[in-house]
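K.L.:
Please construct the entire structure, taking both the sequences and the accompanying hints into account.
First residue of the sequence shown: 194, per the numbering used here; consecutive thereafter.
Don't read these hints as lab results, they were simulated from the structure.
Certain hints may be false.
[To be verified] Label pairs and their computed distance ranges (CB to CB):
id, residue 1, residue 2, range
1, T267, A367, 43 to 49 Å
2, G303, A365, 44 to 50 Å
3, D330, E256, 39 to 45 Å
4, E380, R262, 47 to 53 Å
5, S274, A365, 43 to 49 Å
6, C500, A369, 29 to 35 Å
Every residue gets a Cβ at the ideal spot worked out from N, C-alpha and C, and that includes glycine.
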Amino acid sequence: MRWGCKSGRRWARFAGALALLPLGAATAFTPAGSVTMAGTAPNPLAGAQLYVDPYTQARRQAEEWRRSRPADATQMQKIASQPQAVWFGDWSRDIRGDVDRVVSAAARAGAMPVLVAYNLPNRDLGSYSAGGAGGADAYRRWIRGFAAGLEGRPAVVILEPDALAGAGRMSAAARAQRIGLIREAVETLEAGGAAVYIDAGHARWVGAADMAARLQQAGIARADGFALNVSNFETTAANIAYGEQVSRRVGGKHFVIDTSRNGLGPNGQWCNPSGRALGENPATRTRHALVDAFLWVKRPGESDGSCNGGPPAGKWWAEYALGLARRQPAAPALR
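P.N.:
Here it is as structure tokens:
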């Protein structure tokens, strides 16, 4: 089944977004606290079935443990059975082909994939996930390849985790370049058929007014919304409260929340903290008007970095994943 921009839901979202965009929205900066649009576009994820990747490390681990550790295999299946985002970065050597393979598999399953674009120059500012494109032009080419891989088919794209929240640590020139590249990426990916959510950190990182200003500069007017708590542990309630504050300052834009590891909230650490748990399972029915979805953007069990006994960032850590699954509350609180 091939989904294109002529599908009813996609066309309704596209037409609604056009109707709401002010002239010059891609580059105009509106001071935080003001309203940039007259209303909000429809939720592009309403009723969507999210794609479950059949080739995750969690699924492989569950199969490996099926006979030798059956109880642990059952726990691991809690992770393997859920939709999780697929990340793309400087390790994606054929970005167009890599994106196409995931989107095609999702289309065959009648589902919508969640993709993460994570390749800005100076990604993670030299920390555990350092890397990214070699420069601005290289990033532009990469994003064009990403969009080409979509071929107009529906997909959710979480755009550049930590990039805006961490921009305060950059020089004025580097920060301006980063925000400009995000703005260009929004336009390119939306034109390619994606529902784009710009990453906006989490409830305890950047103040709502400051984050709203950064989002406005980064092209939130053309995006579907923003993403919160990616790879973090803040509670759903805290992120909803923060998201509401940001949304009021960016014209009522909707948001998505990464609930992959926030079932017990934070413990004061962000890198492989002990005692954490899976959160609310991914869902597009959130019972909150501004929250388009709860997503597992971070893949539970993939390390945050070489800290607290973990392997390098992104590497699989089976025992940590098992702990997250064992501690998942029966019904993580939404509020």
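K.L.:
Tell me, which hint numbers fail for this structure?
P.N.:
none
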